[in-house]
Amino acid sequence: MDTSQYISLFIEESNEHLQLMNDYLLKLEKDPSNEQIVTNIFRSAHTIKGMAATMGFVEMSDVTHKLENIFELIRQKQININSSLLDVVFQAVQQLESVIEDITNGGTGSKSVDRVIYELERIEKHATIKSEIEDTNEFISLPELETIFGKVQDPDNLRKAEKENNIIYYLHVMLQRDTRLKSARAYMVFHALRDIGELVEANPSMDELEFETFGHTLDILFLSKVKKQLIQQRIENISEIADVQIKLVSIHSNQMEEKNELPPDTSPTLEKEAVKRAITNQKSIRVNVGKLDQLMNLFEQFVIDRGRLEKIANDLQERELQDTVDRISRVSSNMQDIILNMRMVPIEHVFKRFPKMVRKLTRELNKNIQFHMEGEETELDRNIIEQIGDPLVHLIRNSIDHGIESPGDRVERGKPPEGKLVLRAYQSGNQVIIEVEDDGHGINKEKIVQQALSKGLIHEEQRGHLSEDQIFELVMTSGFSTAEEISNISGRGVGLDVVKNTIESIGGSISIHSKRIQGTRFTIRLPLTLSIVSVMLVQSEQETYGIPITSIVETIMYKKVNIHNIQQQEMIFYRNKTIPLMHLADLFQIPKSNQTVHDSSSIIIVRKGERMAGIVVDSAIGQQEVVLKSLGKYLTNIHAISGATILGDGQVALVIDSNVLVK
Amino acid sequence: MGEGTKSEKVIVFQLGEEEYGVSIDYVGSIERTQPITRVPHTPSFVKGVMNLRSEITPVIDLRERFQLEQIAYTDQTRIIVVQVGEKQLGMIVDGANDVVDVPVSSIEPAPEIVDTNENYYIRGVAKVGERLLLLLHLDEVLSTDELQQLS
Numbered sequence: 000m001d002t003s004q005y006i007s008l009f010i011e012e013s014n015e016h017l018q019l020m021n022d023y024l025l026k027l028e029k030d031p032s033n034e035q036i037v038t039n040i041f042r043s044a045h046t047i048k049g050m051a052a053t054m055g056f057v058e059m060s061d062v063t064h065k066l067e068n069i070f071e072l073i074r075q076k077q078i079n080i081n082s083s084l085l086d087v088v089f090q091a092v093q094q095l096e097s098v099i100e101d102i103t104n105g106g107t108g109s110k111s112v113d114r115v116i117y118e119l120e121r122i123e124k125h126a127t128i129k130s131e132i133e134d135t136n137e138f139i140s141l142p143e144l145e146t147i148f149g150k151v152q153d154p155d156n157l158r159k160a161e162k163e164n165n166i167i168y169y170l171h172v173m174l175q176r177d178t179r180l181k182s183a184r185a186y187m188v189f190h191a192l193r194d195i196g197e198l199v200e201a202n203p204s205m206d207e208l209e210f211e212t213f214g215h216t217l218d219i220l221f222l223s224k225v226k227k228q229l230i231q232q233r234i235e236n237i238s239e240i241a242d243v244q245i246k247l248v249s250i251h252s253n254q255m256e257e258k259n260e261l262p263p264d265t266s267p268t269l270e271k272e273a274v275k276r277a278i279t280n281q282k283s284i285r286v287n288v289g290k291l292d293q294l295m296n297l298f299e300q301f302v303i304d305r306g307r308l309e310k311i312a313n314d315l316q317e318r319e320l321q322d323t324v325d326r327i328s329r330v331s332s333n334m335q336d337i338i339l340n341m342r343m344v345p346i347e348h349v350f351k352r353f354p355k356m357v358r359k360l361t362r363e364l365n366k367n368i369q370f371h372m373e374g375e376e377t378e379l380d381r382n383i384i385e386q387i388g389d390p391l392v393h394l395i396r397n398s399i400d401h402g403i404e405s406p407g408d409r410v411e412r413g414k415p416p417e418g419k420l421v422l423r424a425y426q427s428g429n430q431v432i433i434e435v436e437d438d439g440h441g442i443n444k445e446k447i448v449q450q451a452l453s454k455g456l457i458h459e460e461q462r463g464h465l466s467e468d469q470i471f472e473l474v475m476t477s478g479f480s481t482a483e484e485i486s487n488i489s490g491r492g493v494g495l496d497v498v499k500n501t502i503e504s505i506g507g508s509i510s511i512h513s514k515r516i517q518g519t520r521f522t523i524r525l526p527l528t529l530s531i532v533s534v535m536l537v538q539s540e541q542e543t544y545g546i547p548i549t550s551i552v553e554t555i556m557y558k559k560v561n562i563h564n565i566q567q568q569e570m571i572f573y574r575n576k577t578i579p580l581m582h583l584a585d586l587f588q589i590p591k592s593n594q595t596v597h598d599s600s601s602i603i604i605v606r607k608g609e610r611m612a613g614i615v616v617d618s619a620i621g622q623q624e625v626v627l628k629s630l631g632k633y634l635t636n637i638h639a640i641s642g643a644t645i646l647g648d649g650q651v652a653l654v655i656d657s658n659v660l661v662k
Numbered sequence: 000m001g002e003g004t005k006s007e008k009v010i011v012f013q014l015g016e017e018e019y020g021v022s023i024d025y026v027g028s029i030e031r032t033q034p035i036t037r038v039p040h041t042p043s044f045v046k047g048v049m050n051l052r053s054e055i056t057p058v059i060d061l062r063e064r065f066q067l068e069q070i071a072y073t074d075q076t077r078i079i080v081v082q083v084g085e086k087q088l089g090m091i092v093d094g095a096n097d098v099v100d101v102p103v104s105s106i107e108p109a110p111e112i113v114d115t116n117e118n119y120y121i122r123g124v125a126k127v128g129e130r131l132l133l134l135l136h137l138d139e140v141l142s143t144d145e146l147q148q149l150s
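Protein chains in written order, with numbering that gives the first Met the number 0: chain A, 0 to 662; chain B, 0 to 150.
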């Protein structure tokens, strides 16, 4: 997955959580027994860990993972909060901040975090072990070891071993006084230990053992990943062992000394500071959605006034005014782009719920389906995103339920047992296309036609004339199918009329392509944004309407076309197709005025998917960017009207939903 | 009005000979008539939509809504903009120029009048001095049943 799109979001959220952690840590220092704070820190660490892992920032997720472990131990009361622990945790948070800074600066975030991980691990490990050990002498320091073994292992090696999740144990084994085969017992001890770890040092040495020139005690330096009790058990199982003492080796007794040997501290140098400050200014902030909506509303009013200004400037023909208005128009259209962009959200927000849903459904239905998603990064207006989820759920369900066959049926048809379902989004011009495609058994057109006939949706004589598109369209007609009939027809059709209505209500359209046996594809076309649209303003009698530019193919003069009457329907021949013609005045029952004399009219050719229609208007006034507003809660679902806009002169013009008009 | 007597403020408007009242809580503003854009495929009492300070606001003719005789709009004609729930709309009335306090105790249920359609729009009748006010049941006035039937 290309994660570059989400970097800024990731940075924002990480910074937010790090800030929270800092605040909580400060509170915790004053109130170490407050479990709520501990839980909060744990959650923040957990969140960052998840995000970092998703984004592929291994170092960050490592550090936060360790932090999570430590706070989990604090929750379980296995570890006490003290200032030295908090020091390390603060350091870890600081380190995370510098990693985020690195990422903000365009770095890979792979700054060395060894040092802080090391410190965190130490706390964690000691806590785990401490909880199992009752006595207070459980630790033995390096200098003490030195007196026992005479020489001591390189502390760096021990540290390295420790980092590999080993615990360094010091074992003091006492044999019974009367042990006869001391060497044999010693060997048995060594042998028992070798299975569960690594012997680093032993006193007596192997040589000394051979000649039995030692007393009754064995001192062993031992690396292992197992718990103390297990070691104890193993040794005590050997006969003639009097006593075993196990201690942990502390190689961190002298921190001051260690600092030089530890991985270098990676705090930013002075010259980096300047760069950092510059970057800080570019950092993004998160904005309340309400504020964004307010901004959008204000901008909408501004666009309306801009239209008004343009009209005034045009009427007055005052050079200077016109120039200024031109400039305002240019600047504001740039502003418009930016504001619209701010409202765009990746469709991933909707898509991410589907893999789980598909898995669940396929299990329930005993099907074998491979689910793919493409183009999750495609962006859409927030308002559209909010509404597209349910229709997609419907379509995906439909494909799994009725489209893709059971593995057995598939094999019988010569298909692989595993079905394929693809959910795909991409941008095409100023539209976003979403496709749901399966390789199921497709739609049985004959059954659809029969069903439509029995429902009275089509007449017998239409039967032979229906194009493929028209047949598929029938599936999405309301009243085509109800739940009872699903099982005995192709099954397509559950609530598809609802899906269609929802999509059309947000200015989109849906079409179906299907081939028997091969599969079905639903294609949804959506506008990038709903708020500001480019329309062609047209006039019919005294009324002005807007037709979205996106659905217009061409504007042609009425006189230049031949009009035919087929079954009381006016048709024109356009681009090798016969397309229906409708008069806006008839469609909208526009009152006829006497004063207008029509010497010419225009035909606006509109398109919906592959199909087209011509709308006859008195005149096309011109193209304009307008703010599309709803007609309010009182007037809902007005046929063929998608909303209204306020023109430059303050008048309200209705915007036509030409998708509804193209049949 | 004595101590403790509840009352409500009511905007008074005229429709023909009658005086009506609508609670001030629902009233956003009272506007003079202004251009209204017709919206096709709506009942005839829906006059269309107007631009109310950059907001698209539907307008209905209350005379037509109540199936009263139609008259031409005059200087006195007003649009009362009301909001009930999420529904905002303007109601064209013959005139509106008064606000009165109506004691709740003076409100009586609407008289049962046979053969009239307006009855269910009326929440009650209030007697204020010599005036009789028909208080509107705004939910009913704004009911979209008639609109739904068309679509």
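No wet-lab data here; the hints were simulated from the structure. Quick caveat: nothing in here was measured; it's all calculated off a predicted structure. In this text, a Cβ means the ideal position worked out from N, Cα and C, and glycines have one as well. Hints may be right or wrong, so weigh each one.
Calculated lysine-lysine pairs in the BS3-like style (CA-CA distance at most 30 Å, straight line) [stated by the list, open to error]:
#1 A:K558 - A:K662
#2 A:K514 - A:K444
#3 A:K290 - B:K86
#4 B:K8 - A:K632
#5 A:K632 - B:K86
#6 B:K86 - A:K628
Label pairs and their calculated CB-CB ranges [as the list claims (entries may be wrong)]:
#7 B:P34 - A:K632: 16 to 26 Å
#8 B:P34 - A:S477: 56 to 66 Å
#9 A:I548 - B:T143: 25 to 35 Å
To be clear about the criterion: a stretch of chain B counts as covered by chain A if any three or more of its residues have a C-beta under 8 Å from a C-beta of chain A, and this derived list gives those stretches [stated by the list, open to error]:
#10 41-51
#11 54-62
#12 130-139
Each hint tested on the structure:
1. A:K558 - A:K662: Given that 30 Å is the threshold and the Cα spacing comes to 24 Å, the pair holds.
2. A:K514 - A:K444: Holds. K514 (chain A) to K444 (chain A) sits at ~9 Å (cutoff 30 Å).
3. A:K290 - B:K86: holds (23 Å)
4. B:K8 - A:K632: holds (26 Å)
5. A:K632 - B:K86: holds (5 Å)
6. B:K86 - A:K628: The given pair, whose Cα atoms are some 15 Å apart, holds under the 30 Å limit.
7. B:P34 - A:K632: 16 to 26 Å: holds (22 Å)
8. B:P34 - A:S477: 56 to 66 Å: violated (36 Å)
9. A:I548 - B:T143: 25 to 35 Å: holds (32 Å)
10. 41-51: holds (count 6)
11. 54-62: holds (count 4)
12. 130-139: violated (count 0)
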